[in-house]
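*Asks:* In case you want the letters, here they are:
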Amino acid sequence: MSGSHPVTRRHALARAIGVGGLVVGGSAAPQLVDPSRSWGAAPAETDGQLVYATMAVELLVIAIYERVIASGKLSAAHGVLADRMLSYERVHARVLGSELRTLGVAEPPSLGHASSSSLDAILVSKQVPESVAQISNESEALALLIKIEEVAEGAYYHAIARLTDSRLALRSAQIMAAEAQHRTILSEARNPGHIDFAVPVAFVQGRG
Amino acid sequence: MVSPPAGAAPNTRRALLGGAAAGAVVLLSACGSHAHQPVVVSTPSERNAADIEILNQLLDLEYKAIAAYTAGTPLLSGSAHDAAKQFLVQELYHASKLYSMIMTAHGTPIKQRANYQLGSPRTHEDVLRLLQGLERAQITAYLAAVPAVSLASARSVLAAILANDAQHDVILRAELRLRPLTGAFVLAGPQRGSR
Numbered sequence: 001m002s003g004s005h006p007v008t009r010r011h012a013l014a015r016a017i018g019v020g021g022l023v024v025g026g027s028a029a030p031q032l033v034d035p036s037r038s039w040g041a042a043p044a045e046t047d048g049q050l051v052y053a054t055m056a057v058e059l060l061v062i063a064i065y066e067r068v069i070a071s072g073k074l075s076a077a078h079g080v081l082a083d084r085m086l087s088y089e090r091v092h093a094r095v096l097g098s099e100l101r102t103l104g105v106a107e108p109p110s111l112g113h114a115s116s117s118s119l120d121a122i123l124v125s126k127q128v129p130e131s132v133a134q135i136s137n138e139s140e141a142l143a144l145l146i147k148i149e150e151v152a153e154g155a156y157y158h159a160i161a162r163l164t165d166s167r168l169a170l171r172s173a174q175i176m177a178a179e180a181q182h183r184t185i186l187s188e189a190r191n192p193g194h195i196d197f198a199v200p201v202a203f204v205q206g207r208g
Numbered sequence: 209m210v211s212p213p214a215g216a217a218p219n220t221r222r223a224l225l226g227g228a229a230a231g232a233v234v235l236l237s238a239c240g241s242h243a244h245q246p247v248v249v250s251t252p253s254e255r256n257a258a259d260i261e262i263l264n265q266l267l268d269l270e271y272k273a274i275a276a277y278t279a280g281t282p283l284l285s286g287s288a289h290d291a292a293k294q295f296l297v298q299e300l301y302h303a304s305k306l307y308s309m310i311m312t313a314h315g316t317p318i319k320q321r322a323n324y325q326l327g328s329p330r331t332h333e334d335v336l337r338l339l340q341g342l343e344r345a346q347i348t349a350y351l352a353a354v355p356a357v358s359l360a361s362a363r364s365v366l367a368a369i370l371a372n373d374a375q376h377d378v379i380l381r382a383e384l385r386l387r388p389l390t391g392a393f394v395l396a397g398p399q400r401g402s403r
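Going down the list, the sequences are from chains E and L.
All residue numbers for the first sequence refer to this note's numbering, where the first residue is 1 and numbers rise by one.
All residue numbers for the second sequence refer to this note's numbering, where the first residue is 209 and numbers rise by one.
Only chain E is shown next, with the shape it has when bound in the complex:
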């Protein structure tokens, strides 16, 4: 059997991806109106609070992707990859928004117009030292995306252990697994062939 392939995993990934003001409205997010609290470490226990927290992280992920893409530091192929992942993150946010409406909880505010310094402050609170304002090359851009995906993994891991609605737990697990896949693909893009970077641990728990 031939063990060698003319197309490496790196090439396969590159080819495959080618296809490819914080005010909360509504009635039921009383303790989440204050942005410093919405991003803080206070434990969220109800299903509504947990979904709110994961959606807030999704909105952060979306904002970071948008800034990284806008930085122009990604190659064309990796730009396509980031665009695709961003579109999936937006799907996640839409689905979570729908769940929040069902629960009678207002959605967290978009971070689309947040300043770079505000985003950096949130990143620091999530143990991400990288800055959206200081992306100087593609490696740094990919590193930031990898870490923000880990933040998302961590948010879902936290929520899944606490959600009382098993349907919401399943939806969270489906998204968490997708975020883990994003992290792996981004790691392969940054460090091709380094499987120990791409899939480093047997139990995905994220960060933050």
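No lab work stands behind these hints, which were simulated from the structure alone.
Glycine residues also receive a C-beta, built at the ideal position from the N, C-alpha and C atoms.
Take these hints with a grain of salt, some might be off.
Computed beta-carbon distance windows for the label pairs [to be verified]:
| hint | chain 1 | residue 1 | chain 2 | residue 2 | range |
| --- | --- | --- | --- | --- | --- |
| 1 | L | 282 | E | 90 | 41 to 47 Å |
| 2 | L | 356 | E | 101 | 24 to 30 Å |
| 3 | L | 253 | E | 102 | 28 to 34 Å |
| 4 | L | 356 | E | 90 | 26 to 32 Å |
| 5 | E | 125 | L | 333 | 42 to 48 Å |
| 6 | E | 83 | L | 261 | 40 to 46 Å |
| 7 | L | 334 | E | 196 | 43 to 49 Å |
| 8 | E | 196 | L | 282 | 16 to 22 Å |
| 9 | L | 321 | E | 101 | 44 to 50 Å |
If you only want the chain E side, here are some residues facing chain L, beta carbon under 8 Å, derived [said to hold, decoys possible]:
| hint | residue |
| --- | --- |
| 10 | 84 |
| 11 | 86 |
| 12 | 91 |
| 13 | 157 |
| 14 | 173 |
| 15 | 174 |
| 16 | 180 |
Below are the DSBU-like pairs computed for lysine-lysine, each with C-alpha atoms no more than 35 Å apart in a straight line [as the list claims (entries may be wrong)]:
| hint | chain 1 | residue 1 | chain 2 | residue 2 |
| --- | --- | --- | --- | --- |
| 17 | L | 293 | L | 272 |
| 18 | L | 319 | L | 272 |
| 19 | E | 73 | E | 126 |
| 20 | L | 293 | L | 319 |
| 21 | E | 73 | L | 293 |
| 22 | E | 126 | L | 293 |
Once you have looked at the hints, place chain L on chain E.
*Replies:* Coordinates of chain L only, in the frame set by chain E:
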């Protein structure tokens, strides 16, 4: 049919399974920030029995994946070989964790079978397809298990394993030159997708 070659098992495999057989809870306590929470209730109950059955079904799939990786990894080369070697170790960790959870729940972990029906993979691509299919089977099973287990803290452990298997899937898909990402959610089913 492929039986896992006895000599092919890495030391880590023997150590992990040996530890699991002894009811080791080292990995249980090492798994994340929620290790202080009880993973399963200690009082036998119907719910507990149902959880044990679910965990044993997952363990059976892990054993099968371990057998496939053990038998198939030597047939791979290059980046696929490196990935399979890494994934085998991670599957062993999954099995050990499930074993510990079942023991903690006062259940009886199922034993590895003497052999597993794995087909007759002959080529590099055959082996990759086999492994990717088994990863998909595991993903499907974990997606069914996450909402079904009674204890929320056990759910998070299963989700952590599910996410890791989803990472395996994406790498194997890339090795097969399939589209790595198939949608916004990781869903049950074969999800082979297009090239």
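*Asks:* For every hint, state whether the structure bears it out.
*Replies:* Results for each hint:
1. The beta-carbon spacing between residue 282/L and residue 90/E, approximately 43 Å, falls within the hinted interval of 41 to 47 Å.
2. Evaluation of the 24 to 30 Å hint for residue 356/L and residue 101/E yields a pass: the beta carbon distance comes to about 26 Å.
3. Look at residue 253/L against residue 102/E: about 31 Å separates their beta carbons, and that is inside 28 to 34 Å.
4. Taken as a hint, the range 26 to 32 Å holds for the pair residue 356/L and residue 90/E, whose Cβ atoms sit roughly 30 Å apart.
5. Checking the proposed 42 to 48 Å range against residue 125/E and residue 333/L shows it holds: the Cβ atoms sit about 46 Å from each other.
6. Restraint check, residue 83/E to residue 261/L: a C-beta distance of roughly 43 Å satisfies the suggested window 40 to 46 Å.
7. Range check, residue 334/L to residue 196/E: Cβ separation about 26 Å, and the 43 to 49 Å hint is violated.
8. The beta-carbon spacing between residue 196/E and residue 282/L, approximately 20 Å, falls within the hinted interval of 16 to 22 Å.
9. For residue 321/L and residue 101/E, the hinted distance range of 44 to 50 Å is satisfied, since their beta carbons lie about 48 Å from each other.
10. Contact between residue 84/E and chain L, as hinted, is supported at the beta carbon level, the nearest pair being about 6 Å apart and thus within 8 Å.
11. Hint on residue 86/E is violated. Least Cβ distance to chain L is approximately 11 Å, over the 8 Å limit.
12. Of the supplied interface hints, the one on residue 91/E holds, with its beta-carbon coming within about 4 Å of a beta-carbon of chain L, less than 8 Å.
13. Annotation: residue 157/E was flagged as interfacial toward chain L, and the flag holds, the nearest CB pair being 6 Å apart, inside 8 Å.
14. Proximity of residue 173/E to chain L holds as hinted, the smallest CB-CB distance being about 4 Å (cut-off 8 Å).
15. Look at residue 174/E: its Cβ gets to within about 4 Å of chain L, closer than 8 Å, so that hint holds up.
16. Proximity of residue 180/E to chain L holds as hinted, the smallest CB-CB distance being about 4 Å (cut-off 8 Å).
17. Under the criterion of a C-alpha separation no larger than 35 Å, the hint pairing residue 293/L with residue 272/L is consistent with the structure, at around 15 Å.
18. In summary, the hint linking residue 319/L to residue 272/L is supported, as the alpha carbons are separated by about 11 Å, within the 35 Å threshold.
19. Straight-line distance between C-alpha atoms of residue 73/E and residue 126/E comes to about 23 Å, which keeps the hinted pair within the 35 Å bound.
20. Distance restraint check for residue 293/L and residue 319/L: the Cα-Cα separation of roughly 23 Å lies within the 35 Å cut-off, and the hinted pair is therefore satisfied.
21. Simply put, residue 73/E and residue 293/L have alpha-carbon atoms about 34 Å apart, close enough for the 35 Å limit, and the pair holds.
22. A distance of roughly 32 Å separates the Cα atoms of residue 126/E and residue 293/L; the hinted pair therefore holds under the 35 Å criterion.
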